[in-house]
Amino acid sequence: MTATSDEECAMSGGVINTPQSVSLTVPSQPKYLFVIRSALYPLILDAGFSKKEARKVILAVDEACSNIIKHAYAGDPGKTITVTVADTAERFTVRLRDFGRKADPAQIAPRKLEDVRPGGLGTHFMGMVFDTVHYDTSLEQGTLLTLEKRKQQVKA
Amino acid sequence: MNVEITTEKVGAGYLMLLKGDVDMNTSPDVRSNLGEVFKRGNAKALLINLSGVRYMDSSGIATLVEAMQNCMKQNMRLRLVDLSPPVRDVFEMARLSSIFEVFPTANEALAGL
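Sequence lines, in order, name chains A and B.
Note that the numbering used here gives residue 9 to position 9 of the first sequence, counting from 1, and the numbers run on in steps of one.
Count along the second sequence starting at 1, add 1000, and that's the number in the numbering used here.
Next up, chain B with everything else stripped away, as it sits in the complex (with noise of 0.2 Å):
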């Protein structure tokens, strides 16, 4: 099972979404995609949109905390978008959704940067 990843510039920043299963077949996909935008870097924000992730497991969550320090250190703000019910679930169970801003859409992760 593949996971799709397509990265555009939306206003002041990134905007990736991610479409299938992100586990510890495809999380290596989903980081190098995301070390190409820290390469390129000019941004206020990486936006993840996460509605169309059918799976995520613990290398998927891992890859999100690598992408937030990522962030940190480049002075990036990362906003998550839209997650899904399974991302939901993952999230519950790693008490994570305090850690990351998350936002029902692109649009209101946009607004204030």
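Only chain A is shown next, with the shape it has when bound in the complex (with noise of 0.2 Å):
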């Protein structure tokens, strides 16, 4: 996990009120979803959210990671998922890079909670938890997911 804080963007000439953000980048493989699920759990608290919001969130992003072993790489286990995370006085937001088959946002559809069968609920997770979703699939290579959470909703 690497951290860049405001001291070190200061120190490179970056902006200092640059806000802190946290990488982790893990193999695209089920059993390290857990990992992203750890490392974001005190993130999630630290920004002021509760435990339980930052259970949903940590629910949402999981299966944005999901979805990219699924869809982005076709069970390949030998890319990557690099996960950012970055909190500001107004936002938190975590943003997903994967190096697969583009995600088509067109083609993501939550299913309607009535019908009840088994998949198609992770989308629908991510739209419930997070403001924003956005799928940027204008890189080169992959898929940009930005998850953004707006703070005025952090209860107290």
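The reader is advised that the hints may include incorrect statements.
One-sided and incomplete, this derived list gives chain A residues near chain B with beta-carbon spacing under 8 Å [said to hold, decoys possible]: (1) Lys31; (2) Phe34; (3) Ile36; (4) Arg37; (5) Leu43; (6) Asp46; (7) Arg55; (8) Asp62; (9) Arg101; (10) Leu121; (11) Gly122; (12) Phe125; (13) Met128; (14) Thr132.
Just so you know, the hints here were simulated from the structure itself, not pulled from any lab data.
Just so you know, even glycine gets a beta-carbon here, dropped at the ideal spot from N, CA and C.
Take the two lone chains and join them into the complex the hints point to.
Written out as structure tokens, the structure is:
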């Protein structure tokens, strides 16, 4: 896990008020999903969210990572997923970078909850938990998924 | 992260106890253990105790929905017991609380079978 602090940005000539961010890269294997969950939990609490809210954020991010393993990499265990978390006064942002098959936002739709059947819930959870779910497929390779949650929703 | 699965015969049914994380990595193990129970059959109900589940994702939900469908095929009742807070959260988000029969204890789940 790498952290970029304000101090480091200032030392390297960056903007002093650059928000703090933390990055973690894991292999594209289901057994590493818990590593992402474990790393996220204290960061979400530190951002001011409640434990219940933290569990929901983790669920949504975990579902996004599962989708990358299943769809972007089609189960190939030899790839990577990089998770970057940025926390500012206004918002909590999670970025997921993969280098697999590009996501097609037009094809990504949550299923109706009344339609009780296995599968299709991950996208629903992402939309429910985050204010913004944005797929950037303009990169040369893969997709950058940005999940953003506004801070005014943080409950005391 | 693993999931511990233990299954025992209790009264008119089977009681499966799950402990750990039920996610994309471990759901296939849970599904496989459920398959064994359905193969044995000869029970009125399948009880799944979820008090020890630290985390459950949509693959865990899918596994439970499949279990419910298999129970219906075998004329068995599926009853969930003592949901942990993370499981309650995901049930709430997926609006599943009214789909499954949920009981606070195994004894209460076994009553009336």
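Can you give the numbers of the hints that this structure goes against, from lowest to highest? 3, 5, 6, 9, 14
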